[in-house]
Amino acid sequence: MNSSWSRFNITAIVLGFAFLYLPIVLLVIFSFNESKLVTVWGGFSTKWYVSLFHNQGLMDAAWVTIRVGLISATLATILGTLAALALTRYTRFRGRVLFSGMVFAPLVMPEVITGLSLLLLFVAVGLDRGFVTLTLAHITFSMCFVAVVVQSRLVTFDRSLEEAAMDLGAPPVKTFFQITLPVILPAIISGWMLAFTLSIDDLVISSFTSGPGATTLPMKIYSQVRLGVTPEINAACTILIGIVAVGVIAASLVNKQREVQRLRDEQAAQRG
Amino acid sequence: MKRPLSAVTDRLVIIIPYLWLLFFFLIPFFIVFKISLSTTAIAMPPYTPVLSLSDGVAALMSQLGEFSFDNYIWLTQDALYFNAYVSSVVIAAISTFLALLVGYPIAYGMARAPATIRPTLLMLVILPFWTSFLIRVYAWIGILKPEGLLNQFLLATGLIDQPLVILNTHTAIFIGIVYSYLPFMILPLYSALEKMDYSLIEAAQDLGCTPISAFWKVTFPLSLPGVIAGCLLVFIPAVGEFVIPDLLGGSQTLMIGKTLWNEFFANRDWPVSSAVAVILLLLLVVPIMFFQQAQARAQEQGR
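Here the protein sequences come in this chain order: A and B.
So in my numbering, spot 253 of the first sequence is number 253, and the numbers just go up one at a time.
Count along the second sequence from 1, then add 1000; that gives the number in my numbering.
Treat each hint with caution, since some may be false.
To be verified - Here chain B is said to cover these stretches of chain A; the calculated rule only asks that three of the stretch's residues, wherever they fall, bring their Cβ under 8 Å from a Cβ of chain B:
id	segment
1	48-58
2	72-86
3	238-246
4	261-271
Rather than coming from a laboratory, the hints here were simulated on the basis of the structure.
C-beta: ideal position from N, C-alpha, C; glycine also.
Start from the sequences, fold in the hints, and give me the full structure.
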């Protein structure tokens, strides 16, 4: 295959990845800029990070964002996993077409529509806008992403394992927790991480569904960006990028370790 | 196989997410439609009629009579809305095409890379998606500004002698959409191209095809499902995009997501913004159905 990994292919990948990464790299570099002008280098400094941590408004918003993210990602993971099970395990039930439509449509639905419709629902049922409505909205749009991630793992799952467990007398619930769940756990974890990322990242749906006292970090950043680009926002963005990068790298290391462990177990099983 | 206990859990597995999505995803659309037929009022909620059964059924019936399609007529009379819809679709279509042009070579290069480094490449494509959408759009402001990094670079290298005006133009929106949605284009393309049997291309070339005609006759048709999925994943959300036109396109840009946002937040006109949303949804129903069918088909194949 080496001949097909041609110069054209390598160039395409290098240019493509430069395009994907250069803006983020520049953003990170200029968060350490001494000068107040974002695009003129004035020497290395961490003063924007210091001023960031003294910005009470931003800190409050960050706290709200993290709480909403943790709660909504967890609930979205449970609901999304159930939805994925429903889609893969039950090929025939009343309203299945509608159900799969409701799982897939939110993935591409323009955020302004989702945000507006959720807000009008909350007003119609008389729920005050704030932390609760924000969390409910985030659960709703992120559970569908979890469902898709978990579902893609479930379709390749070897069901004979479950059947074997049940033939040996394990009740279905026990079978699920002892056989199915450990196998699909990596997908559930990446689903949770995706839901968390989507939640802490969301601006549009949050703007519609949150109320006074529940301003999220993206909402805060957005309102500051509209007034102009400042190194302080670069610093805030760099911290967010750092958190995400650490999370993703940790997750992939854990995954790799599990994979190695699994291969070792399989080899041991074959030998034994 | 069915056991009595599993019948109950089976039903719960379906019913819980089903009810959640019905209540938080489907029913809200009907509310949007209902409010799009209402009239703006200075009150909370800012529209009439507010349906309630507290005044009895007769009052409810007379309230129902107040509904009208006035908001939709208003949308057709003001050219602003029509232009916003058209330019959203045009901008989204151009951006989708550009994303395909940029994404295809990358996906192709990845699919033909040595199998050992493919997972790493795949992770590198997904990684930017994990960083905030808002941050990625914001990063481009610093690059595209008149005194921004791109202009500084081009001026320093002597390629131009006057700064280019890119920020607050359609070009900036195209760049923003292509950049933000590129992973959505690359991933389906890659999974289509990776599955392909490359001996087919060798066969075509042995039979006298030039590499370029082999690409158009063999590779591209075989990757078509990926092309379609990628284009839909970029096009549909791009039509209703708000953040990118708002931050990169400046105040002159007309896109329907921005119009809806302004109607709602600046003008506080809930009924008109609901009507804008209903028409946007109607516009996207066909591509969304296509997307769902493609998803369902992929799911059947994966089984």
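Handout entry: Which numbered hints fail
Key = 1 and 4
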